[in-house]
Amino acid sequence: MTFVLLLFPSLLAALLAYTVRPYRVVVGWANAWLSLVSLGAALAFAALVLAGSEAPTFGPSELLRADGLSALLMVCVAAVAALALFFSPGLGRESQYDGAQLRRYHVFVNLFIFAMLLAVSANNVGIMWIAVEATTIFSAMIIPLALTKASVEASWKYILICSVGITLAFAGTVLTYLDFVALSGRAENALNWPVLLSAAPGLHPEVMRLAFVFLLIGFGTKAGIAPMHTWLPDAHSEAPSPLSAMMSGVLLAVALYAITRWKVVVDAALGPSFSNQLLLLLGLFSLLVAAFSLVIQRNYKRMLAYSSIEHTGLICIGLGLGPLGVFAAFLHLVCHTAAKSMLFVLSGEVLHRYRSTELERVSGLLKVMPWTGALFMSGILAIVGLPPFGLFISEFALIRAGFAAGRPGLMAAVLVLIGVAFVALLRHSNRMLYGAPPEGVAIGEIGRWRIAALFLSVGVLVVLGLTLPAPLEALLNQVVKVVAK
Amino acid sequence: MYADLFSQLTTLGSSGVLLFGIALLCRRSLHTFVDAFKWQSLVLAALFVVVGHFGHAPELYFVAVVFFALKVVFIPRYLERLARRVSAERESEPYVNITSSLVIASLLVLLAYAITRPVVLASQLPTRGGLPLAMGVIFIGLFVLISRKNALTQIVGFLVLENGIALLAVLGTFGIPLIVELGVFLDVMMGFLVMQVFVYHIHDTFESIDVEQLNQLRH
Amino acid sequence: MKTLFLAMFIAYGLGAFAALVGGRKSFGRWLVALGAVLGAGAGLALGATVIATGIPFTLFFPELLPLGGGLALRLDALGAFFLVVIGVGAIPAALYGAGYTAAYKDGRASLPLLGAMFNLFLLTMSLVTLADNVLTFLLMWEGMSLTSYFLVMTEAGEERTRNAGLWYIGMTHAGLGMLLAAFLLLAGGAGSGAFADLRASAASLTSGARDAVFVLAFLGFGSKAGIVPLHVWLPRAHPAAPSHVSALMSGVMIKMGIYGFLRVALDLMGGGPAWWGGLVLGVGVASALLGVLYALMEHDLKRLLAYHSVENVGIILIGIGTGLMFHRYGLMPLAALGFIGALYHVLNHATFKGLLFLGAGSVLHATHTRNMEEMGGLIKRMPWTALFFLIGAAAISALPPLNGFVSEWLIFQSLLGGVSIPVPEVVVLMPVAVGLLALTSGLAAACFVKAFGITFLALPRSPEAAHAHESPFSMRLGMALLALACVGLGVAPFAVVPVLGTILAGLGGLPDTRAEFTMNVFLQTPSAFGQMSPTLMALGLLLLLGLVPSVLWLLRLNRQRRLSDSWGCGRVGQTARMEYTATAFAEPLKRVFAEIYRPMKELTVDFHPESKYFVQSIEYRSEITPWFDQALYRPFLQSATFVAQQVRRLQAGSLHLYLLYIAIVLILLLIVARWL
Amino acid sequence: MKYVLEVAQTVFALALAPLVVGFVRWLKARLQNRRGAPPWQPYFELVKLFGKEMVVSKEASWLFRCAPYIVFVSTLAVTFLVPFLFAPLPFDGVGDLLAVVYLLLLGTFFLALVGLDPGTAFGGMGSSREMTVAAIAEPTIALAIFSLALGAGSTNLGRIVTQTLGNPAAAISPGHVLAFAALFIVALAETGRLPVDNPATHLELTMIHEAMILEYSGRYLALIEWSASLKFMIFLSLLANLFVPWGVATDFTPVALAVAVIALLLKLVLLGFFIAVLETRVAKLRLFRVPELLGVSFVLALLAVTSSFLLR
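Residue numbers (numbering that gives the first Met the number 0), protein chains in the order written: chain R, 0 to 484; chain U, 0 to 218; chain P, 0 to 675; chain S, 0 to 311.
Bound-form chain R, shown alone (with noise of 0.2 Å):
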């Protein structure tokens, strides 16, 4: 019953708001509120997991199924999800969009909520792949939100990488599908991952190698991970900022989510050091080609997309080191989140009040807005990994299960990436906040209500730094149980 409640209010709302024919502000905020029953869902899941009864199901042969590490996900889907909705262009004040744009926009976010949603709850691994690949073709629609050259350029490219991507990962899928029936014949209820995990053993180890390549490939497209990253930059500095805020926060994370439950079955089937390798070589690939990246940067939008293919790289570098490492990169997961979806929706008021993406452009934020400013400058702290926020605490355990898993010198590159990455971060982003503000630019604060919002996942940031709330810490420990037996 929960998981109609989790799914069902997205698509309600992307009814109402096609229902409604001139787009309406009373639209805006009741798909807002509405998005809030379904983080009550996915917070009812969490507690359900927690209680430690059995993984729920639901739907004919078992389509939807809640575990540990789905919970985590869907808590974190629905609370980025609801974030975005109350910060989406059309709510409040004046919006450069027109009716129809929001109508479109409002349609198209909430179906883009719905799947995500979807591939998280799917016990299906076929219903997971199509939910993500419905999350491209929702996404695409609402990127060119603004016919401009570079967001038609943007769109163009996402949904044309993203779809061969996410392709090859459907190639993977069959291969595995393939090699089950080879094993035990067809099966209706094959594809359910614990049907699929139970006969793992038996696969072929040469067929799943193969299998797990297609499938790192595709969705690590989605996840953005190096040298299939390229489109993420693109799309995510032309979306509008809560969109992107989204896809960089949670659609990065279900794509890690998806790579995750494969890597399960693998690992059944081949024994953890083959996909340990693969998603350690990507992982520091990523690190490397995003830090680097970070250096030279002129665009704030594309240094924050740039700061989430790090992140990324870090999380794979985390899959790969074994239980502790797995912890970690849940933990570093949840925090990134709750950042990086902060640091979007800051960067969509910065562009709304400066007009420009160049970072020449920008300066005197502390000036203009101080509290937005302020946010902006905890938000760039808190991904950089410095003390008071979370990230600091999940790279010290990711570190700390890097030498545990007796890789000192891996370890030691990835200290000198975030090093790179750190300094051109704080470089930029000085620029930003600091110097004179250029003239002509109105100053004054944004609504209180969004800086309150914005200040909730501060203390979401600061909680998770000091210390690690009891819930949060079983959760995580579900996942592990889950993810490396």
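In short, the hints are calculated from the structure, not lab data. You may find that some hints are simply not true.
35 Å max Cα-Cα, derived DSBU-like pairs, lysine-lysine [stated by the list, open to error]: (1) P:K104 with P:K379; (2) P:K1 with P:K24; (3) S:K51 with S:K283; (4) R:K366 with R:K148; (5) P:K600 with P:K589; (6) S:K57 with P:K379; (7) S:K283 with S:K47; (8) R:K366 with P:K104; (9) S:K47 with P:K379; (10) P:K589 with S:K57; (11) U:K148 with U:K37; (12) S:K283 with P:K600; (13) P:K379 with S:K51; (14) P:K611 with P:K600; (15) P:K24 with R:K366; (16) P:K611 with P:K589; (17) S:K283 with S:K27; (18) S:K283 with S:K57; (19) P:K589 with S:K283; (20) R:K366 with U:K148; (21) P:K379 with P:K24; (22) U:K148 with R:K148; (23) P:K24 with P:K104.
Stretches of chain S that chain P covers, calculated by requiring three or more beta carbons in the stretch to come under 8 Å of a beta carbon on chain P [said to hold, decoys possible]: (24) 146 to 160; (25) 213 to 219.
Note that beta-carbon positions come from the ideal geometry of N, C-alpha and C, so glycine has one too.
Given the coordinates of chain R, work out where chains U, P and S should sit on it, guided by the hints.
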């Protein structure tokens, strides 16, 4: 006899699909491009029926009908309309000329054979002979996507890639579970519609659908 | 003791809260100062009680930082000493700050942020000395760096400050990376990371791992302490910060680097092979010499003092280096002497460097410029500041009655004690170290004659200097406290040395040398190699200083005094342009040490158009840029930008290229999966 | 009782100091076959100066007025530590050789500061050069002390003298001789004698010590002149007693004290003669050649240390 007829028919069908894929490479004008794709989808639909009949998988018939409707009737018609509407001039020179792209295609098929050797050994189904060909179609779909500059041809390349995977699915597993199959078709259709809308957008903003101009967003 | 800890915590917390609430008003500024003073006082008391009673104070919060094994706090004697040093440095700085921050009322910097960060900076720094497991230590360490980064960035208006802030936070983050690697190597990966487990697992490490941990810890802590190759942020960040903050950073924060290094090298690892001591000694001597050499050439007052911090850290490292070396050869009393000299110099440096920075701050407050060439004659307008700055200058140049002399004497004696090391080729190193240390103290004296002479004496060289005014009472009070501390520590070392002995007792196997180094008023080194009593010497000097004028007065000699012009070879009217400038003062030494400075000289003479014999203008420019930046950091930065350029080309904008990337990776990985 | 003797010895040294400077000046004049002023001429100058009024520059601060006292007091404090006549001094424990060096540095520090105070070019030039020479001389002094301390097993002056008295063989060991040479060069540099600085001239190019005290007059100039001569006396007696300690009384019988006084006078005359001959022979070095001279003395001191260590 009964089994090898089935496997011969399937290998024949899949080699047909591969042939049309390669034919796709040496087509100049857009119209002939879409035709090659249409014929490829037709052969694939027929293959669905054959596998459905011999492999005693009745739901494959329904899948074949849907596949036929989608990939042979619906998508090519839209592509034609799109081509006319966007008055795509002659296909601009691809990155790789015809002869070298054929050489690369053959190399890719050879690579596909080498890579899918363990898969063929693992699968006991009579239709396992066609698996390397399916992988070949996948690689060729990818190659078309990379080498063609026109947005429309990129969409066709993407669809060829999808055909390759559908072929892999039907040969390897006699059809994946129905819900997933329908979901895939739904995705393919929606994906195609979105890409089609984007081609119009590109045409409006860039006055031509040559993807070469799409390079302002860099670094 | 728990109440003292809570008092400290609450005082700092209230101070920070008061800053955020009412930072701008003067009442708020006093509250901030009060919070800081009370917090520092409570910390001082806590440290003193722990040293006095010898019972370590422990506190454990398992639910905070569960990943690192809980927030574990334990204050043992070593940590307590550094907590006392923080207290000694913080109280005067906070008092001084109340007056000094009034200058920021004009909105140049946000006062609430400055006040809050000041208190948080002190809080995190005190908690660094209390941390007892790896995560707590690193969290407080980076917290200290972050709050001090905000303090450095208070005047973020100028580009120079932002650049300094970036250098500072970049270097400390690199240091943090090395520390993290060192601690995790030490903990052997697993385990909760509590220092007790680290002590146990340190013994079982292979010698290669121990050396790696030592080098990483030395570089990590050295980057914070400001040893030579890693000191480049120090002359940039300290002058940029407000003066009372740079006094704290220079006097106390870089000592946290020393504390950390002692904690890891001596306490956790319990000493190691001889080359450890040799490395520390070598780097110490290099830092001391190069620090003072570059200080000589500076004419920005605060940069000069920052370079001197590098020099004094070098001297402290010399003490620690000799201590480690003796520890290795089992000469425990001499080892204790070396460490005691180092710790004593830590305390002394906190006092006189704090005093000098506060003095420089009031000069800056009065003349709004840091360039010594524009100062002069301030002694007549700012008598108190001049007196305190003179005491500080005398103390740092190790002149007898003051504290600099005592700690330098102890370090000299420990170096002289090196003679009894059995290995001959190590002993040859000792006299060279003695010679270079003596050269450093000589150059330091020359540098501070220049600093004090050019800034305070003779005629004012600029209108600002002419209209300088004495700094308000709170600033003078801060300086007075530190001056008293300088004199007190100089006159009464017999009280301090035994306390240092108790602190070091039992640390890494050192013996309890409480009674060994002092005989009532005298200081003596093991086997009575050197004996001295600063107290009696100070008394003697005072007595004579009183005796001589009174004798002359008794003899009724001529006491008239007449004011007239100073001798100017008969030329009437003396202007400020006739005075010696700071650059001129240091010019002979620049010529002597030219090959170290490698000064860039540039002479442009443009002749009169008509004839070559008449000159229109001659322009001479000579600049000294520390060659570290060129030799060490520039190639590092260039290679980073070069790689960045290559990586940028990856995102070239063409869709086909991106799809090609995916295809290539797919095929490569398939080949890997298939055959490898 | 011993303390009274100690004070007596200090007063004796205080009284003798101007005579030593006067004797050297007289001897130099004689060598340049000039009649020259009698050796006790400095006493007349001191008495004259104490009688005159003090002319103080307008720009000078309070430091200008109290620096002479500090310089004089610091030099006086050193005389309490130096074994002129008898070795185990009661004040020996108060300060060792390092303390002596740093007390002298205290004097030079304030003298240099005061050179800058009136704001004249001469003062600035003098203090800049004085501090350069002092800074470069420091390492040599430290190493000379190191070699002496190595030989005697302690840095305290009394112990060094008694130790060398104990085993005379050490006195002629290479370590001691090299240390003597090094310390001799440094003594010339510190007290402003000819190769480094010309004491007899007021030509701004060649005077270092004189330049700093140019502005002084009256009682202040007397005090500074006296402390300069006292410093010269200290260095000579250090050279004499530490390296050639015979004649220094170890017990307090009147006859031993008489012998000590005669021995001291003899040694001072000898050293004075040697310095006078040196000063007439050698011309003043250019300022930037002085570091090379001090470099030579540094190498000598380093050799002294290594040899005394290896032969221990």
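Hints broken by the structure, by number, lowest first? 20
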